[in-house]
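Sequential numbering from 1 applies to the sequence shown in the working numbering.
Hints were generated in silico from the structure; no laboratory data involved. These numbers were taken from a predicted model, which means no experiment stands behind them. We put the CB at the ideal spot given by N, CA and C, even for glycine. Check before you lean on any hint, since a few could be wrong.
Stated by the list, open to error - The calculated DSSO-like cross-link candidates involving lysine-lysine, where the alpha carbons are at most 30 Å apart (straight line), are:
#1 157 - 49
#2 73 - 49
#3 157 - 73
To be verified - With beta-carbon atoms standing in for the labels, derived distance ranges:
#4 118 - 168: 33 to 43 Å
#5 165 - 38: 33 to 43 Å
#6 163 - 35: 16 to 26 Å
#7 32 - 109: 15 to 25 Å
#8 19 - 99: 18 to 28 Å
#9 32 - 162: 15 to 25 Å
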Amino acid sequence: MTRIWAPYTNARRGARAAMWRLVSCTLYRLIPSPAYRLRRAVLAMFGAKLDATSRVRGGVRISEPWNLRMGRKSSIGEGATLWASAPITIGARSVVSQYCFVSSAVREGMQEHPEPIEIGDDVWIAAESVVVGGVRVPNGALVGARSLVSGPLEAWKIATGHPAQSRRERAYQGVKS
């Protein structure tokens, strides 16, 4: 029997996704960039778990906000895309910079399957980087601009490259968690 591609297994989930597509293409895009509270409220209505101090900039595209979790004082930069077919967790004081692409979908051959992404505390993923599903970015990691994170990294190290590899120690004056 041939299986027809169906991203939503039940009507309720399909209705929520259809409603989000409508809202994200209209109301959500019209929210001005500094209106973080309003943007958090709209995302929370669709199931996102966001700390009251988190910031999602304007122009951020999120495919399924009910799979997004953001910790205290974390932020997502202008123009970033989060393809959240599985849970994406962003820890406290972490930054996903502008124009980053974070995808919890992993492709194996012709098949795609969702795998969660966990971004630890005090992480900075620099501009235009790509993070793919099934990856855990450890606490304190700094991912250089335009890097591809597809495998394990070391905590409190600077990682760069395609694929990203931990290169050297990250200087930090505070207390490491």
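Consistency of the hints with the structure:
At roughly 28 Å between alpha-carbon atoms, residue 157 and residue 49 fall within 30 Å of each other, so this suggested pair holds. The straight-line distance between the Cα atoms of residue 73 and residue 49 is roughly 13 Å, inside the 30 Å bound, and the hint therefore holds. For the proposed pair residue 157 and residue 73, the alpha carbon gap of about 21 Å is at most 30 Å, so the pair holds. Roughly 23 Å separates the CB atoms of residue 118 and residue 168, a value that falls outside the hinted 33 to 43 Å.
The hinted range of 33 to 43 Å is satisfied by residue 165 and residue 38, whose Cβ atoms lie roughly 40 Å apart. For the pair residue 163 and residue 35, the supplied restraint of 16 to 26 Å is violated, since their beta-carbon distance comes to about 36 Å. Checked against the hint of 15 to 25 Å, the pair residue 32 and residue 109 fails, with Cβ atoms roughly 43 Å apart. Separation of residue 19 from residue 99 is about 27 Å and conforms to the stated range, judged on CB atoms against 18 to 28 Å.
Evaluation of the 15 to 25 Å hint for residue 32 and residue 162 yields a failure: the beta carbon distance comes to about 35 Å.
Consistency with the previously given hints fails for numbers 4, 6, 7 and 9, ordered from lowest to highest.
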